[in-house]
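**Q** Chain by chain, the residues:
There are 2 protein chains.
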Amino acid sequence: MFEAAELDHQVTKADYKREEAELRRALLEVQRALGEQRRFPVLILIAGVEGAGKSETVHLLNEWMDPRFIEVTGFAMPTEEEAAHPPMWRFWKALPPKGRIGVFFGAWQTMPILERVLGTLGAGGFAGRIDEILRLERMLAAEGVLLIKYWFHLSKAQQKKRIKALEKDKGTSWKVSRYDRTLFEHYDDFIEVCEPFLRETSTGDAPWTVVPAADDRYRALFVGRHLLGTLRARLDAPKPTPAATPAVAAPAPPDKVNVIRALTLKQELSREDYETALMEAQGRLARATRHKRYGKISVIAVFEGNDAAGKGGAIRRLGAALDPRAYRIVPVAAPSEEERAQPYLWRFWRHVPRPGRLVVFDRSWYGRVLVERVEGFAAEHDWRRAYAEINDFEEQLAGHGAVVAKFWLAISKDEQQRRFKEREATPFKQHKITAEDWRNREKWDAYEEAVCEMVERTSTGIAPWTLVEADNKLHSRVKVIRTLADMVEEALKR
Amino acid sequence: MFEAAELDHQVTKADYKREEAELRRALLEVQRALGEQRRFPVLILIAGVEGAGKSETVHLLNEWMDPRFIEVTGFAMPTEEEAAHPPMWRFWKALPPKGRIGVFFGAWQTMPILERVLGTLGAGGFAGRIDEILRLERMLAAEGVLLIKYWFHLSKAQQKKRIKALEKDKGTSWKVSRYDRTLFEHYDDFIEVCEPFLRETSTGDAPWTVVPAADDRYRALFVGRHLLGTLRARLDAPKPTPAATPAVAAPAPPDKVNVIRALTLKQELSREDYETALMEAQGRLARATRHKRYGKISVIAVFEGNDAAGKGGAIRRLGAALDPRAYRIVPVAAPSEEERAQPYLWRFWRHVPRPGRLVVFDRSWYGRVLVERVEGFAAEHDWRRAYAEINDFEEQLAGHGAVVAKFWLAISKDEQQRRFKEREATPFKQHKITAEDWRNREKWDAYEEAVCEMVERTSTGIAPWTLVEADNKLHSRVKVIRTLADMVEEALKR
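Quick mapping for you: the protein sequence lines, in order, are chains Z and G. All residue numbers for the first sequence refer to the numbering used here, where the first residue is 1 and numbers rise by one. All residue numbers for the second sequence refer to the numbering used here, where the first residue is 1 and numbers rise by one.
Be aware that a few hints might be false.
Which copy is meant is left open, because identical chains are indistinguishable; a pair holds if it fits in one copy or across any two.
As the list claims (entries may be wrong) - Here are the simulated lysine-lysine pairs, DSSO-like style, with alpha carbons at most 30 angstroms apart:
id : residue 1 : residue 2
1  : Lys296    : Lys17
2  : Lys266    : Lys17
3  : Lys164    : Lys17
4  : Lys413    : Lys266
5  : Lys256    : Lys161
Simulated from the structure, these hints should not be mistaken for lab results. Source: prediction; values computed, not measured.
With the rest of the complex left out, here is chain Z (with noise of 0.2 angstroms):
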């Protein structure tokens, strides 16, 4: 893997100059055409061994490309912003849109790496970390990141050599820090975790490339030419047709039950109850989003349901219960511009609350596995993989103490008519009715089916899904309190 890192490389500075006005012209041109062309966003990460000149390499990324359209992040110990939310939210946040190119500086990789070196995390723990990280670039390559992953590699005796001559020269010596020579003397152990860790992160869509970098007039032109050149197929490559038919289909039930019919929609509840049970449940959640120990957990409600099945009502008795200051609704409708050129569940990473806040998603991320599957408007392929996708986002925010709640709201064919002509007759409620809601009654089954195999593919246990009856109001709106305040308190004694 290193084998050819560490062979001398020599370009003479005639040569560098001459194929550097070269490279500078093509790699301008291409950054155009992506730019022109917006279909997809590149990623580098910047990963390797101390003193390869990985930031040389960066500078001269932004020198000989339009540096406006390169965001160069860089990622050191997690800030307390980014401590309060799950490890991977800082990555989400920094991705480039489509057309652009984001440069990571360290990234999901060097806290892994770093704390395996030093100890801290077990041959266990890092195999789980290794899991996380393949997921991640799996989903982001099927979702179209260009992902581009240099690794710069020294040998022991280049890097000696390279941090020898930095000291020396008291123009360059600060660049040598202490810890640089903790890391240097921790040299072989860094090999040794790292060469199995790019074994195994080294995929078809993602593969590492390691940068031989002893030598700055080679490496820097080792890299402009893998860049240019990757940018160039990706850019002259067809658009992908994505797989024909999914391998696996879902099951086709012998009968008619299934989660949905199972429910008896019409709960009763009289006025009088109701107004006892809410006050109760919302006294509940009250004290348990107000304990000591509420700082340490983030809540993240989200409410899916029939057309008219009343998610908005519930959703406004939950909010009576919080304080203004530590909840926020976030009303899921057609993505932005801005989303539309980030990966599907960029939009939602958006808004992952810090513990101690309660975030509503007013529909949500399954609209790709319920709407945008049914009406034909994601590919079968992509919303095929997103069951696995949401499950691992919702790992990561229960990984991090979220309590995840997931509300379907279901009325009946009947019930869902009553209301949609109610509706209709009611001048302040017509607003609320077009001709696509009776559009989408015509796929009443579609819905269900894709309602069914939601449930089935991401009701777990550390983010359940509640059915909820809700042909009588009254009886949904208790139901979906208590059920929070339940988990809330639950989650307070762990």
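Using the hints, position chain G against chain Z.
**A** Okay, now just chain G, sitting in the frame of chain Z:
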């Protein structure tokens, strides 16, 4: 995830009879089409809780379809032979060929789940095993295997009821073992482990399908319908078009230096010094492979190199040092029909040695990234993913205690021409030289590029490449045997 499976489902006897008849007809028909087209193999995994009718279902599949083309393999505790190989070996061995259906009763998930429930496997180790499974299943899917994973589920109450019913009836009470009762006591622990397992190993390519198992007739029709639908969808699907261009190109280095060109191909070694050195190296290897701890390790020696680089001669000198009963040479040529009906690595897995044995591969799995790449026999998409798959394969070999030694024998273009001509002029060597060998020479640079990328991507700490300067055959033979002796001696010290 289990919500739907825990609902009460019922199918009347009459409905069952009617649908069963239709299902059988349809399943037989798709099974016939599967066998005629021979485009892909089908692998069905049967897993889930005890007492959920797994064996009944497998019986039924055999009854419904033509059992001659269904191969059922049950995996329990590994046998001695299985334990003498890497963990995945027994599964590879049992893979169905294209056009056939394989049923794995218990598979790669059984042991990790069991060990995790019993607490002998930690969370980290479990994550590592999940990672292995994901990689394996991804590879199988990429190779075209239709992987259908059924998870038979019962709620705790349903399981209790079934076990009670079985115990009560004298005709079935034998079905409930003490082991089943123990497992029943661990129901909650089991579900706690399985639930995240199912979540993390459900991917777009190979999701788990949870089978509601409480009602016999429902369960049978559920599986039958799902299987039929999945087989039909895949049979009807057009051949998937592979992704057009790989995401990340290989770097074009800015100078002519590479790991091959950096070698001094002609190394001096006199005939006299050769005799002494060869004898000494063979002696070391002989002693090492007769050491008492040698019974704990296996050795896999891979030979690749330019045409006429002297692989055969080196292998002969190597064999001379070994006990002929304890080593085997596997010459790798075009795959057999049986091998062509399997995933690419299958034909190499079958030759993986047990401890105390040595296998020489005369050419190897690297054909995919060498000749198949250069000659265009493998799509770019396929040879690009091969690097990661090969690294996974070798990781399993090394992880099981194998010494994996890989030799690239390099000669210069001039030296090759000299040897080709000599072969043509020497009657007993004429069979070794064909028009194809001369044609291959024309692609010298393309091969060199492929070799450099191969070394870059697959020379790892656990399975390094040794580049052998082979213009002087005497030198190369000694280097090969010395290196292997070093590696075996090193392994004996572990």
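**Q** Checked against the structure, which of the hints given earlier come out wrong?
**A** 1, 2
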